[in-house]
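2 protein chains.
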Amino acid sequence: MFNEKMYRLGSKRSTIREIFEYAKKRSAEIGAENVFDFSIGNPSVPAPAIVNQTIERLVKETPSVALHGYTSAQGDKSVRDKIAKNYTRRFGAALSGDDIYMTVGAAASLTITFKALTCEGDEFIVFAPYFPEYAVFVANAGAKLTVLPSDENMQPDFTALERALNPRVKGVLINSPNNPSGAVYGEETVCRLTDILRQKSKEYGAPIYLISDEPYRELVYDENTKVPCIMNCYDDSIVCYSYSKSLSLPGERIGYIAVNPKATDSKAVYAAVCGAGRSLGFVCAPALFQRVAAECDGMTADLSVYKRNRGLLYKGLTDCGFTCVYPDGAFYLFLKAAEEDAAAFCEKAKKYELLLVNGEDFGAKGWVRVAYCVQTERIEKALPLFKKLAEEYGL
Amino acid sequence: MFNEKMYRLGSKRSTIREIFEYAKKRSAEIGAENVFDFSIGNPSVPAPAIVNQTIERLVKETPSVALHGYTSAQGDKSVRDKIAKNYTRRFGAALSGDDIYMTVGAAASLTITFKALTCEGDEFIVFAPYFPEYAVFVANAGAKLTVLPSDENMQPDFTALERALNPRVKGVLINSPNNPSGAVYGEETVCRLTDILRQKSKEYGAPIYLISDEPYRELVYDENTKVPCIMNCYDDSIVCYSYSKSLSLPGERIGYIAVNPKATDSKAVYAAVCGAGRSLGFVCAPALFQRVAAECDGMTADLSVYKRNRGLLYKGLTDCGFTCVYPDGAFYLFLKAAEEDAAAFCEKAKKYELLLVNGEDFGAKGWVRVAYCVQTERIEKALPLFKKLAEEYGL
Numbered sequence: 001m002f003n004e005k006m007y008r009l010g011s012k013r014s015t016i017r018e019i020f021e022y023a024k025k026r027s028a029e030i031g032a033e034n035v036f037d038f039s040i041g042n043p044s045v046p047a048p049a050i051v052n053q054t055i056e057r058l059v060k061e062t063p064s065v066a067l068h069g070y071t072s073a074q075g076d077k078s079v080r081d082k083i084a085k086n087y088t089r090r091f092g093a094a095l096s097g098d099d100i101y102m103t104v105g106a107a108a109s110l111t112i113t114f115k116a117l118t119c120e121g122d123e124f125i126v127f128a129p130y131f132p133e134y135a136v137f138v139a140n141a142g143a144k145l146t147v148l149p150s151d152e153n154m155q156p157d158f159t160a161l162e163r164a165l166n167p168r169v170k171g172v173l174i175n176s177p178n179n180p181s182g183a184v185y186g187e188e189t190v191c192r193l194t195d196i197l198r199q200k201s202k203e204y205g206a207p208i209y210l211i212s213d214e215p216y217r218e219l220v221y222d223e224n225t226k227v228p229c230i231m232n233c234y235d236d237s238i239v240c241y242s243y244s245k246s247l248s249l250p251g252e253r254i255g256y257i258a259v260n261p262k263a264t265d266s267k268a269v270y271a272a273v274c275g276a277g278r279s280l281g282f283v284c285a286p287a288l289f290q291r292v293a294a295e296c297d298g299m300t301a302d303l304s305v306y307k308r309n310r311g312l313l314y315k316g317l318t319d320c321g322f323t324c325v326y327p328d329g330a331f332y333l334f335l336k337a338a339e340e341d342a343a344a345f346c347e348k349a350k351k352y353e354l355l356l357v358n359g360e361d362f363g364a365k366g367w368v369r370v371a372y373c374v375q376t377e378r379i380e381k382a383l384p385l386f387k388k389l390a391e392e393y394g395l
Numbered sequence: 001m002f003n004e005k006m007y008r009l010g011s012k013r014s015t016i017r018e019i020f021e022y023a024k025k026r027s028a029e030i031g032a033e034n035v036f037d038f039s040i041g042n043p044s045v046p047a048p049a050i051v052n053q054t055i056e057r058l059v060k061e062t063p064s065v066a067l068h069g070y071t072s073a074q075g076d077k078s079v080r081d082k083i084a085k086n087y088t089r090r091f092g093a094a095l096s097g098d099d100i101y102m103t104v105g106a107a108a109s110l111t112i113t114f115k116a117l118t119c120e121g122d123e124f125i126v127f128a129p130y131f132p133e134y135a136v137f138v139a140n141a142g143a144k145l146t147v148l149p150s151d152e153n154m155q156p157d158f159t160a161l162e163r164a165l166n167p168r169v170k171g172v173l174i175n176s177p178n179n180p181s182g183a184v185y186g187e188e189t190v191c192r193l194t195d196i197l198r199q200k201s202k203e204y205g206a207p208i209y210l211i212s213d214e215p216y217r218e219l220v221y222d223e224n225t226k227v228p229c230i231m232n233c234y235d236d237s238i239v240c241y242s243y244s245k246s247l248s249l250p251g252e253r254i255g256y257i258a259v260n261p262k263a264t265d266s267k268a269v270y271a272a273v274c275g276a277g278r279s280l281g282f283v284c285a286p287a288l289f290q291r292v293a294a295e296c297d298g299m300t301a302d303l304s305v306y307k308r309n310r311g312l313l314y315k316g317l318t319d320c321g322f323t324c325v326y327p328d329g330a331f332y333l334f335l336k337a338a339e340e341d342a343a344a345f346c347e348k349a350k351k352y353e354l355l356l357v358n359g360e361d362f363g364a365k366g367w368v369r370v371a372y373c374v375q376t377e378r379i380e381k382a383l384p385l386f387k388k389l390a391e392e393y394g395l
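Read top to bottom, the protein sequences are chains A and B. Following the numbering used here, the numbering of the first sequence begins with 1 at its first residue and continues without gaps. Following the numbering used here, the numbering of the second sequence begins with 1 at its first residue and continues without gaps.
No lab work stands behind these hints, which were simulated from the structure alone. Careful: at least some of the hints might be erroneous.
Mimicking DSBU-like on lysine-lysine, the simulated pairs with C-alpha atoms at most 30 angstroms apart in a straight line are [unchecked claim]: (1) K24(A) / K144(B); (2) K144(B) / K144(A); (3) K12(A) / K24(A).
Taking beta-carbon pairs under 7 angstroms as the criterion, some of the chain B residues facing chain A (in silico) [to be verified]: (4) G10; (5) P46; (6) G105.
Across the chosen pairs, the derived CB separations fall in these ranges [claimed, not checked]: (7) D222(A) / G121(B): 39 to 45 angstroms; (8) P63(B) / S72(A): 52 to 58 angstroms; (9) S14(B) / K12(A): 36 to 42 angstroms; (10) S14(B) / D222(A): 48 to 54 angstroms; (11) E120(A) / S14(B): 23 to 29 angstroms; (12) G394(A) / D265(B): 48 to 54 angstroms.
Even for Gly, the Cβ is constructed at its ideal location relative to N, Cα and C.
Modelling step: build the complete structure from the supplied sequences, incorporating the hints.
Spelled out as structure tokens, the structure:
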């Protein structure tokens, strides 16, 4: 009577949603101030003031029909030109507005890209830990997702990659800074990765695309943490960007796809992106927020709270004896469960009102994700509880 | 190397886009005031003042993290509740917020609905003339689209429908007021249609869904033109709505799907809608405009311009001797080409600087679409040119 797969996708609550509901219930029982919810990756800092200022200005200055009217399917030309120019200035990769396709956020960037690239029998590769919706998006395009392991520093397992590559692999998807681990792929990692892809592309006589999901691009906290520009490292690359985290606008759904102009037949790939966007029902990205994005591109919300939270949490947890991946970016910390069964570990944490997400949902057994996009005071109050949890495990 | 179908979809210019480019070129040659572009279905009246007032108020009053943050995937609960309540008040069909799923506009409403319903081998039926993107959206779900004829008044050919129905037909898609013909399905048409669907659903032992695409619902111009509420006429119905035309907000991409709570297993159908939305990459509808929609639901831009244009154009064209469908709604007039070949007719019209769209793109051979969402003055100036065109045909 309806599509069973879609029914299951729509009726199965995600773990994070389960925790969200539990947090609501538990807050009603013991007071919200006593529940420490580290489950949700929702920006906790306001959008920079320029966002609302730009909205107010545009609404005042622009005739309604122009402001709220259709833009071209790929996005308003002046918006794309501005973002491309800024990209070129910031990263040195020469982009034009015609390489950019404005989207309704990162999820749309990804479903469109997968749909644009996928031919029958195609396969995409991702490294664990990874954002679980990737599997949904790849399945929507009719492709297969192969999950490969990472090492303890959450860098790709290159031996596994070389073994897994085959002529049906259409692309490798990376996400750095990473959700859920906070790991960043530095230049060395990216070079090693792209060397392999270049060699294999040559061997197979067809490009293996490098798809870079970059909603956390600006969320890095140390001077010496550099997020390499993928466009400069590998020609057959597609960048999927979203303003959700950098500008704290996750609900407004605005982002873009940038097709590397140096990619093989890049104009045709861009056309396939346009076709996929049309096919999936994205007529154009929201018009007002396209203009807001162009105006605020490259700016960020005040990320100092995340930096403070990261330092506090990492030090606090390692002082307790926990093993953590040092999070170079994003707003997640990956914590090794103090017992083999991470689900049991999360349950024990719950006794102390600490709500964590089992890393198994991200393809990483034995780890849990701690989202630190919260008020700093929540972390300060939670650390003594983490201490008790550590003591229970005799750490 | 990429998906050929998507490449073709993205690189083939639509006829309307072709005309748009021609109009630009021609305007540069002879001045925009001398080119009469009736090709584009873009609202020509501003959004009602309350839209921008609501945006400004929300931006001022709502904390940024709440205003621009994620809503639940199906849309903010209070938004859905408000729209449902209003729907119930306006149309008498009892909806709750949990029957409504907020979308990124009508196209998204449709791709999600088709994806939610389609099982392997399924088929959807639509009556010509129809919006050509329907074919793209149905194909995206992996279903087959069957196009059936309408009569001279652009009402369904019921004999053809009865012949075409079979157990693989998952749904019938209607669009009233209609793009491109402006026709409205009155109560008699809807009753006859739903009687057939009810009988066939019973015969096959499975519901045939009636999917009602209603972006033009509020765009009717006569006291006695009633657009029946599909929810009240047929249980297994799904309404796909968009605020693009009623509020003149086509670029902002905001609409909803309403699953009739009286539909067979309506909660499961709703869950499949949620799953399809997730699968296609719609995380949530744009947050700010969800709230604007809730605040302005049921209101409209000033539609009196369209009414005036319709009257002027219909009288003018019939006075010239052209045969037209009387447009009860939307902002399109369907004109019978004065020769068999509508493409040749459009070319002749071009000589008088009149830009019309061949109805063949909408599955209606021998007709052309005249979009009258333009400044009234354009119609006044165009009518003498239509007169000359008519004279060329000896009308």
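Structure-based check of all given hints:
For the proposed pair K24(A) and K144(B), the alpha carbon gap of about 44 angstroms is over 30 angstroms, so the pair is violated. Between K144(B) and K144(A) the CA atoms are separated by roughly 24 angstroms; this keeps the pair inside 30 angstroms, and the hint holds. Between K12(A) and K24(A) the CA atoms are separated by roughly 19 angstroms; this keeps the pair inside 30 angstroms, and the hint holds. Look at G10(B): its Cβ gets to within about 3 angstroms of chain A, closer than 7 angstroms, so that hint holds up.
The restraint placing P46(B) at the interface with chain A holds, with a minimum CB-CB distance near 3 angstroms, inside the 7 angstroms limit. Hint status for G105(B): holds, given a least beta-carbon distance of 6 angstroms to chain A, under 7 angstroms. As the Cβ distance of D222(A) to G121(B) is approximately 56 angstroms, the hint placing it in 39 to 45 angstroms is violated. Checked against the hint of 52 to 58 angstroms, the pair P63(B) and S72(A) fails, with Cβ atoms roughly 34 angstroms apart.
At roughly 38 angstroms, the beta-carbon separation of S14(B) and K12(A) lies within the given 36 to 42 angstroms, and the hint holds. Under the hint 48 to 54 angstroms, the C-beta atoms of S14(B) and D222(A), about 49 angstroms apart, fit the expected range. With their beta carbons about 27 angstroms apart, E120(A) and S14(B) fall inside the hinted range of 23 to 29 angstroms. At about 52 angstroms, the CB distance of G394(A) to D265(B) agrees with the hint of 48 to 54 angstroms.
Hint violations for this structure: numbers 1, 7, 8, all remaining hints satisfied.
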